[in-house]
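Colleague: In case you want the letters, here they are:
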Amino acid sequence: MSELGPEQQALVDALNVEFAAVFAYGVVAAFSNPTRDPMVAQYAAEHRARRDGTIDALTAASVTSPEPAAGYTVPFPVTDAVAAARLAAQVEDDCAVAWRSVVERAQSGATRDLAIVALTDSARRGSAWRAILGIFPSTVAFPGQPAP
Amino acid sequence: MLRGVGLSVVGSTLSLSACGTSSSGDDAPEPDPLLAESARARADSASATAAIAQFPASSDTLTVVADQRRAHADVLDAEIARLTPPPPTGTTTPTATPEPAPAAAPTLTELAESLSASSRSAADLARTLSGYRAGVLGSVSAACALASSAVSA
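Going down the list, the protein sequences come from chains E and H. Positions in the first sequence are counted from 1; adding 1 to them yields the numbering used here. Positions in the second sequence are counted from 1; adding 13 to them yields the numbering used here.
No wet-lab data here; the hints were simulated from the structure. The structure presented is a predicted model; accordingly, all values stated were derived computationally and were not measured. Here a beta-carbon is modelled for each residue, glycine too, at the ideal position from N, C-alpha and C. Take these hints with a grain of salt, some might be off.
Stated by the list, open to error - If we take Cβ atoms under 7 Å as the criterion, some of the chain H residues that face chain E in the derived model are:
id : residue
1  : Q81
2  : A84
3  : L121
4  : S152
What the hints assert, rightly or not - Covered by chain E, per the in silico footprint, the following chain H stretches (three or more residues, Cβ under 8 Å):
id : stretch
5  : 41-52
6  : 59-67
7  : 154-160
Let the sequences and hints guide you as you build the complete structure.
Modeller: Rendered as C-alpha cells:
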C-alpha cells in the first residue's frame, strides 16, 4: 500500500464521509415524513453520484478506493421524522467539513473546483433540512468550517 | 496543524515572489488578492442592509445576508493582516476598509446577481490558492451561492 499524497488522502477521507452519508440517508428515508420522499430520494441520489465521482477521481489518480464499512452507527437514535431531519442535517454538515478539507488539502485547481461544488451542495442540502427543522437562520457564514 | 502548514507554504510563496519582483531594492509586494474579496463582501453587506427598507418582507433574509457578508469581510481582513508585514508597532488594523455606502438600494434581483458573482469570484480565487486561504474562500463561495438563492426566492 503506497503512501497517499495530501490531496488523495483528503479525497479518501471525503469518500468515507460520503459512504456514511449514503448509509444515513437510508435511515432518513425510513423515518422521514412521507411527504418528503422525493426530496430524500433526490438528496440520496446526489450523495451516491458524489460518491461515484470521488471513486472515479481516485481511480484516475491510480488510487484504490476504500470499500464502504459493513455498517455505520448514527450519532443518536432515529425513531421519528424530526430525528431523521436532524440526522440529515448532521450528515450534510459532516460532508461540508470533509469537502472544505479537500479544498484546503487539494494540490490542483481542478480538485479545488470539484470540492467547492461538493461543499456548496452539502451546504444547500443542510440549509434545506435546517429550514424544515425551523432553525433560523438555516445557513451559516462559513459552511464546512470546523468548529474552533 | 493543517492550517499552519498551508499558511507557511503560502507565506513563503508570497515572500519569494516579493523578492523576485523587487529588483530595484524597495520592498513593494503585490497587493493581497484577498483584498478584492473583502471589498466585495463589504459591498454586498452594505447592499443587503440598504435593501432592507425597500423590501421589509425580506428583512430577515437580508439581515442574515448582511451579517454573513460582514463576517466574511472581517475574516478575510484578519487573514490579510496576518500575512501583511506589520507597519511600525502600535497600529492595529490598517487594512480594514470602511463600510461603503451604496447610492441606492439594489433590487433583490441585483443583489442576488451580485452575490452569485461573489460566489464565482471567491471560487475562482480559491482555485489558485491553497491551505486555509483556499478553504475560507471555498466556504465564502458556498455561503454566497446560498445567499443568492435565498434573496431571489
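Colleague: Next, verify each hint and record whether it holds.
Modeller: Results of checking the hints against the structure:
Look at Q81 (chain H): its Cβ gets to within about 4 Å of chain E, closer than 7 Å, so that hint holds up. For the restraint placing A84 (chain H) at the interface with chain E, the shortest Cβ-Cβ distance is roughly 4 Å, inside the 7 Å limit, so the hint holds. Below 7 Å, beta-carbon pairs count as interface contacts, and L121 (chain H) has none with chain E, the closest being about 17 Å; its hint is therefore violated. Interface hint at S152 (chain H): satisfied, since its Cβ lies 4 Å from the closest Cβ of chain E, which is below the 7 Å cut-off.
A count of 0 residues in the stretch 41-52 of chain H with a Cβ less than 8 Å from any Cβ of chain E is obtained; the coverage claim is therefore unmet, three being the minimum. With 0 residues having a beta carbon nearer than 8 Å to a beta carbon of chain E, the stretch 59-67 of chain H misses the requirement of three or more and the stated coverage is violated. Here the stretch 154-160 of chain H counts 6 residues with a CB under 8 Å from a CB of chain E, which clears the bar of 3, and the coverage holds.
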